[in-house]
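These protein sequences, in sequence, are chains A and B. According to my numbering, the residues represented by the first sequence are 1 to 338, in order. According to my numbering, the residues represented by the second sequence are 1 to 338, in order.
Since the hints were made in silico from the structure, they are not lab data. Each hint should be verified, as a subset may be incorrect.
Copies of the same chain look alike in the list, so a pair counts if it fits in one copy or across any two.
Below, in silico cross-link-like pairs of lysine to any residue (SDA-like), each with a Cα-Cα straight-line distance of 25 Å or less [what the hints assert, rightly or not]:
id	residue 1	residue 2
1	K249	G261
2	K249	E48
3	K249	M115
4	K110	S165
5	K267	D102
6	K204	M143
7	K204	G141
8	K249	V116
9	K267	R304
10	K51	L164
11	K249	E44
12	K249	G118
13	K51	Q168
14	K249	D42
15	K51	S165
16	K110	T271
17	K323	D203
These numbers come from a predicted model, not from an experiment.
2 protein chains.
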Amino acid sequence: MGVVIPIEENREPQASVEPLVGLTREDMGKVNALILSKTGSDVEMIPEVAKHLIDSGGKRLRPMLTLAAAALCGYEGDHHITLAASVEFMHTATLLHDDVVDESDMRRGKQAARMVWGNQASVLVGDFLLGQAFRMMVDAGSMGALDVLSTASMVIAEGEVMQLSVAQSMETTEDDYLAVIRAKTAALFSAAAEVGPILADSDKPTRDAFRSFGVNLGLAFQLVDDALDYGGSKADLGKNVGDDFYEGKVTLPVLLAYRRGSEEERKFWRTAMESDSADSAALAQAMELLAKHGAITDTVARARHYGEIARDALAPLPASEQKRALLDVVEFCISRVS
Amino acid sequence: MGVVIPIEENREPQASVEPLVGLTREDMGKVNALILSKTGSDVEMIPEVAKHLIDSGGKRLRPMLTLAAAALCGYEGDHHITLAASVEFMHTATLLHDDVVDESDMRRGKQAARMVWGNQASVLVGDFLLGQAFRMMVDAGSMGALDVLSTASMVIAEGEVMQLSVAQSMETTEDDYLAVIRAKTAALFSAAAEVGPILADSDKPTRDAFRSFGVNLGLAFQLVDDALDYGGSKADLGKNVGDDFYEGKVTLPVLLAYRRGSEEERKFWRTAMESDSADSAALAQAMELLAKHGAITDTVARARHYGEIARDALAPLPASEQKRALLDVVEFCISRVS
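The shape of chain A in the complex, shown without the other chains (with noise of 0.2 Å):
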């Protein structure tokens, strides 16, 4: 009798985050209680603040890459519920200070923070979300772990900061735009891959396996990101649709079409992306000319390609059901929008 491979082995990746939710369950239930009690203080503001970031329904996609990584690894231990919550406490931090930062109304379709508590509650509370994670990073006692997280915390801002002074110039190229999108989303979802590994000791190459997962997909996601701005229904995204283009975010997609275009519309879109003074008449004219030039799918096809080096990071690792959930994700990172 030949090795009985299960027919579910070979399957086409579907497009779901279901099996990784199913396969994390248990623990992310574990990771929940930790970030409740953790953003516990005697300071009444920052559990209310948290709270409300925290109950917004994000999806939690970086933690449960933490914790499948970690349990495709083999790791036994507990300090993976740690590290996934430091993980989703630097995520969420970064949100509140990137609201300040683009003046943000909405997030995942609530109030953003700084609209209900003032932007220095969302400057504060970030800060001690920060500090509150690298206390359990500390708890978790892994100076591998450590390292890679705190570089993340460094990258991301640099990332921001990039986004600032670089990509809100239509000149910008592809490349730097991908620079940006690299450190400020990127670099956080390949942390919290990589601190599974490093948690189970595993060998080099699998440390680098899922960092390079973890990197190409998060480029695929802020992509697809990109492209439902632009695309999606105000329902579906938690955001208002044409955010980016009324806050003169410059996007891979506005990129593209600008670039493919004539005078008169790169004239549009200096216009437009430059200025305070867009409308919903500018948001139509910028849909129309995205489709022109078939921006918008383009975009997601660069997202598709990063979404391919992810799965093939993986490729050498041995089957497990967690290395099929990861794969999933990766598809139902991009089918959000195609």
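Following the hints, position chain B against chain A.
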């Protein structure tokens, strides 16, 4: 022949930071070089903003505490340089975020960074420096130091939030106010001092001594700062006289004058501190009430009380140049005002 006690040994502490500056000069040269190298980034704005703040001539008391404490405890490695630079980065990040939160125009006699580069850059460069601080702590390789500094980072943010929600009220008690400054100012002094003995692997009483020294020095320092805001000259301070008053920031001098004042005076304080209407005539009246109730003098007396505790915290430690220099610093901090 008896034991020779150097005359210097028993001298009264002098009010000077110079002995500490002298003792740590060589190490501070290394700290400053490290600080410069670690603000480097391909993202141009980061070194610009960091340099603006770092060049603006703070005394670097906190990193000097780390260096002197490590030396006093007999530490012979290099990691005290790294941790001292981390401590200064944490402090600088806090200043950047504080200016945004307080909407300050000036910082150390120069325009605040947010006035030159905007709130966005101040938030994000602060985040960058904080991330870099944690990376450097990882480089130093001491989990104990990471524990103390990450806790401080969280407590500082907690103190700032507390200040938003509690200390704006005139009904704040002195105890509540102390809880705020214990968190937002004294926690970093304490951590800066404590990581010295941690690196040196000193015993618990020594660690405790430095922690107590740091926290009480920090309290004294902040109270003197509060008093100076109503008593120094602009050139001495690097901040505008009456800044706290105009910003409606309730500090101990005001709380004392308020508690000791008549109903009419209390009404004045409430109007002045809780509205945006305070002008220079109001400041003049405030100064008069502060003098009438001895509020400045007594704030300095309170500072002196914490200074004494700081000095006694170090009392059990054997005599050394470093010990004397640290005692001198307590005197120096208080004498800035009296």
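Hint check results:
1. K249 with G261: within (18 Å within a copy, 53 Å between copies)
2. K249 with E48: For K249 and E48, only the inter-copy Cα distance (23 Å) is at most 25 Å; the intra-copy one is 30 Å.
3. K249 with M115: both (20 Å within a copy, 22 Å between copies)
4. K110 with S165: between (28 Å within a copy, 23 Å between copies)
5. K267 with D102: within (24 Å within a copy, 40 Å between copies)
6. K204 with M143: Classified as both; 16 Å inside a copy, 23 Å across copies.
7. K204 with G141: both (20 Å within a copy, 21 Å between copies)
8. K249 with V116: Cα proximity of K249 and V116: in one copy and across copies (23 Å, 22 Å).
9. K267 with R304: neither (30 Å within a copy, 65 Å between copies)
10. K51 with L164: between (29 Å within a copy, 18 Å between copies)
11. K249 with E44: between (34 Å within a copy, 20 Å between copies)
12. K249 with G118: both (22 Å within a copy, 17 Å between copies)
13. K51 with Q168: Result: close only across copies, 24 Å inter versus 32 Å intra.
14. K249 with D42: between (38 Å within a copy, 21 Å between copies)
15. K51 with S165: Classified as between: cross-chain Cα gap 17 Å, same-chain 32 Å, threshold 25 Å.
16. K110 with T271: neither (30 Å within a copy, 35 Å between copies)
17. K323 with D203: within (17 Å within a copy, 48 Å between copies)
Comparing the model with each earlier hint shows violations of hints 9 and 16; every other hint is respected.
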